[in-house]
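Protein chains: 4
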Amino acid sequence: MDWHETDIRVRYAETDQMGIAHHSNYLVWFETARGEFCRSKGFTYRSMEQEADALMVVAESYIRYKSPAFYDDVLTIRTRVHELRSRSVRFAYEVVRRSDETMIAAGETMHVVTDWEKKVRSWPPFFRDLLVGTDDAPLPDTPPS
Amino acid sequence: MDWHETDIRVRYAETDQMGIAHHSNYLVWFETARGEFCRSKGFTYRSMEQEADALMVVAESYIRYKSPAFYDDVLTIRTRVHELRSRSVRFAYEVVRRSDETMIAAGETMHVVTDWEKKVRSWPPFFRDLLVGTDDAPLPDTPPS
Amino acid sequence: MDWHETDIRVRYAETDQMGIAHHSNYLVWFETARGEFCRSKGFTYRSMEQEADALMVVAESYIRYKSPAFYDDVLTIRTRVHELRSRSVRFAYEVVRRSDETMIAAGETMHVVTDWEKKVRSWPPFFRDLLVGTDDAPLPDTPPS
Amino acid sequence: MDWHETDIRVRYAETDQMGIAHHSNYLVWFETARGEFCRSKGFTYRSMEQEADALMVVAESYIRYKSPAFYDDVLTIRTRVHELRSRSVRFAYEVVRRSDETMIAAGETMHVVTDWEKKVRSWPPFFRDLLVGTDDAPLPDTPPS
Chain A
-10 MDWHETDIRV RYAETDQMGI AHHSNYLVWF ETARGEFCRS KGFTYRSMEQ EADALMVVAE
50 SYIRYKSPAF YDDVLTIRTR VHELRSRSVR FAYEVVRRSD ETMIAAGETM HVVTDWEKKV
110 RSWPPFFRDL LVGTDDAPLP DTPPS
Chain B
-10 MDWHETDIRV RYAETDQMGI AHHSNYLVWF ETARGEFCRS KGFTYRSMEQ EADALMVVAE
50 SYIRYKSPAF YDDVLTIRTR VHELRSRSVR FAYEVVRRSD ETMIAAGETM HVVTDWEKKV
110 RSWPPFFRDL LVGTDDAPLP DTPPS
Chain C
-10 MDWHETDIRV RYAETDQMGI AHHSNYLVWF ETARGEFCRS KGFTYRSMEQ EADALMVVAE
50 SYIRYKSPAF YDDVLTIRTR VHELRSRSVR FAYEVVRRSD ETMIAAGETM HVVTDWEKKV
110 RSWPPFFRDL LVGTDDAPLP DTPPS
Chain D
-10 MDWHETDIRV RYAETDQMGI AHHSNYLVWF ETARGEFCRS KGFTYRSMEQ EADALMVVAE
50 SYIRYKSPAF YDDVLTIRTR VHELRSRSVR FAYEVVRRSD ETMIAAGETM HVVTDWEKKV
110 RSWPPFFRDL LVGTDDAPLP DTPPS
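As given, the protein sequences belong to chains A, B, C and D, one line each in that order. Position 82, counted from 1, in the first sequence is what the numbering used here calls 71; the numbers after and before it change by one each time, with no gaps. Position 51, counted from 1, in the second sequence is what the numbering used here calls 40; the numbers after and before it change by one each time, with no gaps. Position 23, counted from 1, in the third sequence is what the numbering used here calls 12; the numbers after and before it change by one each time, with no gaps. Position 11, counted from 1, in the fourth sequence is what the numbering used here calls 0; the numbers after and before it change by one each time, with no gaps.
Don't read these hints as lab results, they were simulated from the structure. Heads up, none of these hints are tricks.
The list treats identical chains as one, so a pair stands whether inside a single copy or across any two.
Heads up, simulated BS3-like pairs for lysine-lysine below, C-alpha to C-alpha not over 27 Å straight-line:
(1) K108 to K55
(2) K55 to K107
(3) K107 to K30
(4) K108 to K30
With the sequences and hints as input, model every part of the structure.
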């Protein structure tokens, strides 16, 4: 499996009065994990937005919360591309507490590619090819867009 | 249909550099809407937590983002109980921009009832009956759990 | 004194594991209160940004936390212009729990007026005049910058 | 000077429609930096809360924002104890962009030590001694509380 792993530490501000990480933060962690996923593939999401006029707008999100996460826990966010289409992408995630391997959550987000005017567009080929490339064997002839 | 409506105004801090409300905020708005839904049924979620030792822990969330929301928009969150079980509840939501009735998003959250020790428990009957009651004519034959 | 009052209700997501509203939220509430302050003066901050190319970038913030705020508390944010200069403004705030008049916090924010390129500029006179005007009797002789 | 340095990366969710990191996040980053400061001194803030019944409740915050921070920037938060008293502590912070050493912000937070009932108490000696210890020369005879 081609999961990329990113570690985050649960912040105090992310807890709520139940004493657990508030469920809205998982979407923020997924986003952080997507950014690190892109970096592991050889580009930054920032450059895709700024240089290729291509944004991944969130169109759908699904989360299954399995076990609470606590302040100061280190969580590993496992991320992979679940499905790539010409104008969209679906990511899958798993969240695991690093200290004891407890499964904290699983989820998906679906994104539509748009330009800065929020108009749907197809992937800039350069970034799409990087996204689906593997760490071990990047395509040598990936053409710049 | 028994939708309860709550209005919220999109905060500046809720926007991101795309110029739209960040997708993680919808879960916070749903939570606010659930609180107002409870209030419309004659109780506060605060009292359920504090006086009945019953918390609605989020176990699942699903959101479909249909159209972006912008800073200062007034959004109407329509909320209803989609399914009530002896130890859980599923809420459904719709988000609509008040000024032009644009459908912004739709979603669901599923909650497990627990005590403060995070142990699953059944609904406190008093609150469960209020939750499924209608403002005008609460069902007299709601079965106890 | 010319305090404008805005009510907000403490959200569940705003609490932390101490069981109180996290201290970072006060800056978000102040921002909401500034928006409502502007509205009470006859304009929206949104229109100032979009139509007059003038942003109030936060340059300084100070908060004194006096008493904790709890989930579901209704807090009144009292807001006023403390000092207006040709390219900046200083707001003062007081936060009071509505139910028992407990003083929750006091604070200040200082803002520099910039354009969308983040270059410092002077106030658009139309908005500056509204900002320092009173609801009942706007000063007719407010000097242009 | 005894500054401890913690790096954070600006999250997409932390930006606002100005295209910069929202000013409320600095308090969250300071909190993260305090946690890492404690860790560098040989304890976790989590253990202080849970094992010693001692919380650092924020009583005051001050931030001077000097230059905007952007999405994906790596920021170094420099943290030190500015003043330690029997029942309180004042931290000082500097925020610097790692890539170009731009000074982003400076700030302070003042904290009162309380128990979980929010009653002011004095420092647990074990943690206070660690807090003011130096990385290079920890006091060898620090007594356990």
